[in-house]
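K.L.:
Below are the chains, spelled out letter by letter.
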Amino acid sequence: MPPFFEKLLFVIPNEFEKSGCEFVFNDREEAETCYNDSPCKIEEKALFCSAREFFVTMATVDLGLKSVAELCRRHRRWLLLCLAAAIVVETFLWVYPPRGLACSDTILLGSVGKIPLVDFPRVWARFFNDDRFMLQTVRDSAVFGDIEESQLLKVVQNSIRPNLFYGIEQDSFAKITFRQPTANRIRGFLTSFTRRLLVQLTLLGEEELSFQQARVLARARQSLRRQALLQNGLGSGFLVGSTRILVEIPSLTDFPPVSGRVSLLLASESVNLSGGWWSFAGTFISNEFEDSLYNTLLEWKTLVATDGSQIGIFPRSPILLSDSGSLPAPMQPFLFLIYVLVPIGFFLVGCSWILILAWLEQTAPPPSAA
Amino acid sequence: MAEAVSPPTRATFPGDLPLWAKVYLSILPIGLPLVGLVEGSDFFLLAGIAGMFFSALRQGVWCFRLTDGLFLAFAGVACLGTDIGSYPGAFFFNLGAITFLFLGSRALAQTVRGGKDLSRLMWWGSRLFFPIVAGYAALFALHAFGFQEWTFGSFVGKLTFPFRFSNQLGGYLLGALPLAIGCGRKSLPARFFLYLGFLIVIAGVGSRSAMLIAILEFIVLEAICVGDDPLPPAIRVAGLGCLIAWMGYALSGEWTFMRAIGAIDSLPFTSDPPRIEQIRRAVEFLPFWLQGIGLGCFFGGHTLEIHITPISLLTETGIGGLSLVGTWTALTILPAVQVALGKERGPRREVSFLLVAIGALLLYSLFHNLLRTRFLWMLFGLASGLHAHFRSA
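Sequences listed follow chains Y and S, in order.
Quick note on my numbering: the first sequence kicks off at 1 and runs consecutively.
Quick note on my numbering: the second sequence kicks off at 1001 and runs consecutively.
One chain only, chain S, in its complex shape (with noise of 0.2 Å):
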């Protein structure tokens, strides 16, 4: 296949990756905002793009991709929108923060120029998953001791730190575990002691999606992780099943775990009432679905998010942002999914691994709304970066 790759720089030698891209996977998940939205992360990424445009001026080339098209239409569409009039800022702040985290997702595509590239920085973006989950199973156990002094009010309500929501925590939890699982081969107790810690937080995030997304997680991760011990898979299903069984006993009695399984209130599980509320409202706008409300004009109006990602893209930028935002995301993944299915020579195994992360945080957007998420950015990124590693294999 055809590939016109730029002269190499220093950052595309596959030797070593540039400064900003390690330090931004690597504080990634300290979510909390410096000033207004602004994360500590963010800077690192905005040399990301500084880099990448000083050099495409230096050059005088701009390596284009089909993606990139997409997404200039998506921005134009976006503008389009029938209520920008009525909340301007929404509608700015939305489209910068995307337009920011679509350039940053570009540049960090540029980083992967090979396997090795892609499991360096898989193990960057999953610094601090271990961290984060060994630190909570070890609040967790001194909670279930009764030492609730020393938890700092860990467990008391939903879980989010590092984050500002838990909705995001579950999100990186969830795409950060295929990361930490892919980044070298774990052994079998490795794997199984990650899991634990990894069940104790996302328990804790209270969300029922998560919860389902990462026992779906945990059976295809194996599946993946099959030839690695040789295990037959009757024992690693039974493994899982006791682990997952175990962990529901010991946090019975956790509200959020409670939560997170929909075993609170008299509703039965599959009830949602300010889901169905957020698509009532979203219903309202049917006439506007052609060109959608303008981008973040929802919450603009409505002081309230749509919780689900399609809706919320069909609502605020119409048919025309939905389907190029679907086709964007099915050009930048297919890739992967074929050297997944060892169709495309490439790093099939972290491939695999990404592809997971990609496919949960794509499930989760099913049920929150990841438009602004930057780790789905980043996992986009590294997924378009396999472009140039495989069609050059």
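Bound conformation, chain Y alone (with noise of 0.2 Å):
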């Protein structure tokens, strides 16, 4: 077998090491002014060797820092074609960012007392899992075209589903978020997911709202009805200049109520133990109640008010708080270093396959031993 490789070698015996150590040079002239203040001598060596023994000791390559500009005109067709790669993945990239962009809306579930009236996780399972719901969503929003509804359906799997979270901050704030691998579709679907939700969510609001009311009303009713029989049973006068409570409980024919007819006044918060020991224990008893009778009603007011601070800030029917004309953006909070970085990596690519390429070069066989 021919050897793959054969070159003529200047080589410097080594003195200073006893073990037969040598410098090897390319060429003569680099040898002999490699030890211009000492002569030496230098011996000529013909150097044959296997491919594999070619690979496994790896010739080094000198590289003038000069000839690098040399080494990247020669091989401008590397660097161009690296240039190209670089602007193909920079475009891609620009169109499809890494980890996709996205926007999100944020709704204001709500909230009777800081208590939100709906079960937002229960909402969100029951309709992000409903498949007509996602479709007539995707349907509304327009932005896949009119495509068929098995085709729409592999969509709302594959691309929706995956891609469509939430998250519950202050036990408040409803955060819904879309993911795309562009930007054109996020809004349109998100404005319209988020519409639709809102919907179900206010006449879930209104319904729970009601059954709370009517929940708070029969427990106000059935306190003032217990005030009325120890006032009653235990004999009259007992809380007579006690303590008097005029409440004015609307009708649940006439729901909702309106805001200030319910008021609770407290007429005197003296207590008159002249009935004797049944007008002690009626007071005691009435007394005990009278708390919570007074809570229900606070309870009541809260549930019908209509003014005030907190109800302008957290109204009891869930609001949109995110602009619908807010753009998706990158996922990545700092997405320009990998414009920067993608360039810089090719770059760093060609380089090493140009000085590959010359080493490669400066290894290879002479002409005559090819």
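Worth flagging that the hints you see were computed from the coordinates, not collected in a lab.
Since the model is a prediction, treat every value here as computed from it, not as a measurement.
No residue lacks a Cβ here, since even glycine has one placed at the ideal position from N, Cα and C.
It cannot be assumed that every hint is accurate.
[Said to hold, decoys possible] 25 Å max Cα-Cα, derived SDA-like pairs, lysine to any residue:
1. Y/Lys-114 / Y/Asn-295
2. Y/Lys-154 / Y/Arg-187
3. S/Lys-1343 / Y/Trp-359
4. Y/Lys-175 / S/Gly-1301
5. Y/Lys-154 / S/Pro-1287
6. S/Lys-1116 / Y/Val-11
7. S/Lys-1186 / S/Ser-1026
8. Y/Lys-114 / Y/Thr-306
9. Y/Lys-175 / S/His-1302
10. Y/Lys-301 / Y/Arg-226
11. Y/Lys-154 / S/Glu-1254
12. Y/Lys-301 / Y/Leu-360
13. S/Lys-1343 / Y/Val-11
14. S/Lys-1186 / S/Ala-1223
15. Y/Lys-154 / S/Leu-1286
16. Y/Lys-154 / S/Phe-1285
17. S/Lys-1343 / S/Val-1226
18. Y/Lys-114 / Y/Ala-220
19. Y/Lys-154 / S/Phe-1053
20. S/Lys-1022 / S/Arg-1349
21. S/Lys-1022 / S/Phe-1053
22. S/Lys-1186 / S/Arg-1345
23. Y/Lys-175 / Y/Ser-104
24. S/Lys-1022 / S/Leu-1032
25. S/Lys-1158 / S/Glu-1254
26. S/Lys-1343 / Y/Leu-360
27. Y/Lys-175 / Y/Asn-295
28. Y/Lys-114 / Y/Asp-130
29. Y/Lys-154 / Y/Arg-139
[Stated by the list, open to error] Here are a few chain Y residues that sit away from chain S, every Cβ distance over 12 Å (derived from the structure):
30. Ser-141
31. Ser-150
32. Glu-208
Make one complex out of these two single chains by using the hints.
P.N.:
As structure tokens, then:
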């Protein structure tokens, strides 16, 4: 088998190392200039080696810093190829940013006394998994064009559901995020989805509010009846002059009640024990129940109030806090770094390839040996 | 084989090693960071790198190797990660650290100009091995005899000193033992004394992989030293077996030793829930394995390091990065393998020990992330320095 590589080398025997270590040069001139202050013997040696030895031993190549420019000029095709590849990748990444773009809508959930009226995770699970709801939302948004239902269903399964998620902040803020590889479909779908979900949340919230009002109303009536029972059963007059409660309870027929019709008036807080032991017991028990009645009436007031700063900031109906014109943002906060690093990466790969080419050229067999 | 050698400077003559290399190798095992993650030895490595660049600039010549090109390509591929925009700090830190260590290994390689240099560098690199092992052996004796107050809290948990983490100590011990044995000819009692101390410390590290690799290392080292003394192999094996068995008996009450042999909890020896979890999370990034998510970005995103270096590389730098690092490693150590196998002229004995050290750490890298382990890069530096030596031989 002919040798893979043969070359004439110029060797200076090393007198400092007894093990026979030598200094080897590619040309005589380099060897001569090396020891210009102390003349030494330069031997010529022919080198033959197999391909295995050639690659295993990895000859080094001296690259002058000035010759790098020459190398780049000589291999400009590779550099241009790297530049073209970098431009293609940059364009691709511009259109399809890594990790995609996302847009968020924040909904303030309807609440009473800072407690949301609707269990948002349950509502989300209900509609998120509802194919009809999702399909209708996609159709309403009109961002996926006029495609068949089966295709649309695939889009929902593969493209929408995995990229649509929510988070709850401070119990009352639901942040819905929709992520896509490109910007053009995000806003349209998210607006449609949020709007439809908001409708459902409003309906459910109103329903829940009416249930809560009815429950509180029933409790208030029960408390009042209990007070009346105590007053009548344990002797009239034991509460006379002590505590007088005037409550105007609306009937369920004129629901919802108007704020202001409920009022709690404590006429006097002095306790009259002139009625004897029965009166004392009645006053004691009534006093114990009064707290419950007071709280129930306050709760009622909270449920029906229509003014005040609380209701203005945290309304009972859900509201959309985000502007529907907000644009999608990249998922990665420092995305611009990728646009900087990609050309650098290709440049480094290109440089390494050019250096490897230079190495191959310099260590390639001379034409006579080829 | 053709090789152009740069005009010799003081550092290239085989007479002496540069000061920075001696200090760097001496204090390399003191792996406690001074500021952030910067260790004392890094300053000396920086001096070596600066000297290398200064020399190249003065001469106007860069002695380019194929491995340089591969590293440059690796750096380029690492820049193509998809999640760098999310964790730029982690990316730049890791790329910077690896580049620094690569340049350091390159500077160290230039100091190897002969078999004697290699031997000297190995000696400097393993200089603290004996004090560490002997110190821990003494502490263990105090611990075993009940003088707990004199043990400075050693043998309570995993051993880490003089490193920050126990796996760093484990890696150092596995890499330094062959160097310590390979510096000059150690007699059999001296070797067995070193093995004894080594076993105490490696058991204290509490790592199953380190323990298994250590036992494997004993066998290989004894196989290399087979010509050093007239004892037949059977007696060596029996001696090693007795040593390991006795240490097992002596350490049987130690938690770290039980952990090292996987005898704690009810989990089987091979079970490893944290690594299984790491692999599971890494597989989640399968769609990104073409270009990777970016060097260091897995840790940035999960505050969790993949303890399997190849999978870490695959996840963070993709198929390209893993292939380049694999090729780089192979090309760096293949010439040394040629010397060790006798197919090339060179300091065969020293190179064999060096290869055992590299092999042990490469095996260890299958269980821990050693991408930024200084000692491994140091060994690569010594191995790549061989090119200049045996090419000219």
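K.L.:
Next step is simple, just say for each hint if it's right about the structure.
P.N.:
Now for the hints, and whether the structure bears them out:
no.	hint	result
1	Y/Lys-114 / Y/Asn-295	holds, 16 Å
2	Y/Lys-154 / Y/Arg-187	holds, 20 Å
3	S/Lys-1343 / Y/Trp-359	holds, 24 Å
4	Y/Lys-175 / S/Gly-1301	holds, 22 Å
5	Y/Lys-154 / S/Pro-1287	holds, 20 Å
6	S/Lys-1116 / Y/Val-11	holds, 21 Å
7	S/Lys-1186 / S/Ser-1026	holds, 20 Å
8	Y/Lys-114 / Y/Thr-306	holds, 15 Å
9	Y/Lys-175 / S/His-1302	holds, 23 Å
10	Y/Lys-301 / Y/Arg-226	holds, 20 Å
11	Y/Lys-154 / S/Glu-1254	violated, 59 Å
12	Y/Lys-301 / Y/Leu-360	violated, 88 Å
13	S/Lys-1343 / Y/Val-11	holds, 21 Å
14	S/Lys-1186 / S/Ala-1223	holds, 14 Å
15	Y/Lys-154 / S/Leu-1286	holds, 22 Å
16	Y/Lys-154 / S/Phe-1285	holds, 23 Å
17	S/Lys-1343 / S/Val-1226	holds, 20 Å
18	Y/Lys-114 / Y/Ala-220	holds, 21 Å
19	Y/Lys-154 / S/Phe-1053	violated, 58 Å
20	S/Lys-1022 / S/Arg-1349	holds, 21 Å
21	S/Lys-1022 / S/Phe-1053	holds, 19 Å
22	S/Lys-1186 / S/Arg-1345	holds, 23 Å
23	Y/Lys-175 / Y/Ser-104	holds, 6 Å
24	S/Lys-1022 / S/Leu-1032	holds, 19 Å
25	S/Lys-1158 / S/Glu-1254	holds, 10 Å
26	S/Lys-1343 / Y/Leu-360	holds, 24 Å
27	Y/Lys-175 / Y/Asn-295	violated, 33 Å
28	Y/Lys-114 / Y/Asp-130	violated, 29 Å
29	Y/Lys-154 / Y/Arg-139	holds, 14 Å
30	Ser-141	holds, 27 Å
31	Ser-150	holds, 25 Å
32	Glu-208	holds, 39 Å
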